[in-house]
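Enquirer: The chain contents come next:
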Amino acid sequence: MLGLNKKDTSLLVIVAALVMFAPFILNPFPSDSGLAQFNAGYPDLMQRFVIFGIFAIGFNILFGLTGYLSFGHAAFLGVGSYSAVWMFKLLSMNVIPAIALAIVVSGLFAVLIGFVSLRRSGIYFSILTLAFAQMSFNLAYSVLTPITNGETGLQLTLNDPRILGESATADGSIPVTSLFGLEMRSTYEMVVGPWAFQFNAGYYLCGIIMLLAFYLSIRIFRSPFGMMLRAIKSNQTRLNYTGLNPRPYALAAFVISGMYAGLAGGLMASMDPLAGAERMQWTASGEVVLMTILGGTGTLIGPVLGAGFIKYFENIFSKINDTVLHNWFSFMPDGLEDFVVFLIHPFIGKGWHLTLGILFMLVVTFLPGGLVEGGQRISRMVKKKSDDDTNAKTTPAE
Amino acid sequence: MGILEVKDVGKRFGGLQALGDVNLSVAENTVHAIIGPNGAGKSTLLNCLVGKLIPDTGSVMFDGQSVLGRTPFEINQMGISRVFQTPEIFGELSVMENMMIPCFAKRDGSFRMHAIENMHNEKDIVEKAEAMLEDMNMADKRHMHSSSMSRGDKRRLEIGMCLAQEPRLLLLDEPTAGMARADTNNTIDLLKQIKEERDITIAIIEHDMHVVFSLSERITVLAQGTPLVEDTPENIKGHPKVREAYLGESA
Ligand SMILES: Nc1ncnc2c1ncn2[C@@H]1O[C@H](COP(=O)(O)OP(=O)(O)OP(=O)(O)O)[C@@H](O)[C@H]1O
Ligand SMILES: [Mg+2]
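Residue numbers (full-length UniProt numbering), protein chains in the order written: chain A, 1 to 398; chain B, 1 to 251.
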């Protein structure tokens, strides 16, 4: 189906189902229960899941296939966001032209950075991309203030021209982003007993775009071009002596992944029309590296899993505080309760980075293939077990 | 005029004159061996032919065109393929994928953006790669990870990959070095078969005299960066200068 083999098609269908039903899946706990804080099914967070999913899918096309590790991909995210906000300021609040400009500008930017950085490989390539991204970050903060609005960040105002739209709504406020009139913030709430499921227009737009991006990445992975990219990672010498020029292949991969990042940045601005330089900082570049490795470098679904995992941690673990802990452990004797809370304290709230770091280390050490490898091992174990069972029944001796 | 004409090629590494005024002419559709003691400059000469090194002096003409100043992939596209001393293959790719890549290189040139084409629609490539694997007696290994194969099989695959590009000149640098006797004999048979079945010129660097004498029609002896003699295998065997410079040492 759609030019995919059976296995890829079923993967795509599963991901599509997860995206479509995410408001249910991510909201398993009744809102009046103590576990409700582990629910992730609210629009803001769900949008972040799929947007960072797009970012990581694109990053994986470069890193997973060619092995070139970019430490500056957040620059494209930022460029995408700025471009989108400018489109909202100048043209209209429709998200389509904003997203389109984000992709185009980040693509051009990637051609420039990629052309220079790809003259080197290995660690030198990584350092070059990092340098470019930090340069962009600093420029956005200082010299480029007329374009980026410096430290304050780029925002919409009542004086923006918006040629095809309106500068201000009838009641004098700044208009909101929309898709041909469908407001991105509009949310339908479905209340079923103690559960409240939220269906947000912006989330579904991002979700559908992520599915398209995911589909495109499967096609790239399975194409002759994708095979050439894996050949670059495997043996550049042989590629050269097979009459193939690795440079344009790597550059094309770099630009494609830069455009994915720009798309993610454009979507961020479409959900919340502001853009700041911190979006380009090296920590943001590092985050997408972590997402990809954690999920499974070079696998199709890994980056999406990694992105979801990290964003979930960032938003859920960081909200657990000592009061919550005391509530959980209130059944313990007082002294013990305080002690347990004291032990757990460094890992929650602001300390969620520590938890994430430990998990990252464990995954990289014991599951070099990331979460995907974990999944594969479990399914193999289950399979083996059921095989053993059937073997035991049918052929007792072998 | 040979298909490959090397004129007065010299190459220095710092104070070391690795090659000094090498002249070599390889006739079309022959097997030409280059032999010589360790450090004679054989690999250096070969690297000058494929664009890995740029000679300080002289010229290298392939089929009437200069190869100097061209990158390895450009020279390869002119019709020169190279087999390495340790097999260079795409270890992380399957055997079939390894074979498809040179087929793409032959059909599409050094770069083509086929990013969303489906592999199943590349019937000509798939068929050609399969036929080539058949020729190499590797059809049963097509789904294998190429890094998990034996050294002899890797060599066989590498030679097959070079042939899939239909090169006019095939260069081999010690293709049997470090191989067990059986693998060496397999490689000799394979090269003999290639020579019989295809219009191809082969230049081979080799230490193993068994390999050299069972394959080659012309032999050039290189010592200390300069060609000592060039002759037929029969004449080389008894040549006093060669005995002195080379065979005497290993005999
Ligand atoms: N890149 C290099 N830098 C410096 N010296 C080099 C380089 N490559 C080769 N040499 C030197 O040039 C001389 C010729 O080397 P070359 O590898 O061409 O010999 P060879 O005939 O292939 O020997 P062998 O039979 O051992 O492979 C040697 O003395 C070697 O040390
Ligand atoms: Mg050598």
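If you are wondering where the hints come from, they were derived from the structure by calculation, not from laboratory data.
Keep in mind it's a predicted model, so treat the numbers as computed, not measured.
Incorrect hints may have been included.
A short, non-exhaustive set of chain A residues, derived as facing chain B with CB atoms under 7 Å [said to hold, decoys possible]:
1) L158
2) R162
3) G165
4) T169
5) F225
6) R238
7) N245
8) F360
9) L362
Even glycine gets a Cβ: it sits at the ideal position worked out from N, Cα and C.
Enquirer: Give a verdict on every hint.
Expert: Results of checking the hints against the structure:
| no. | hint | result |
| --- | --- | --- |
| 1 | L158 | 44 Å, violated |
| 2 | R162 | 36 Å, violated |
| 3 | G165 | 35 Å, violated |
| 4 | T169 | 42 Å, violated |
| 5 | F225 | 4 Å, holds |
| 6 | R238 | 4 Å, holds |
| 7 | N245 | 4 Å, holds |
| 8 | F360 | 24 Å, violated |
| 9 | L362 | 25 Å, violated |
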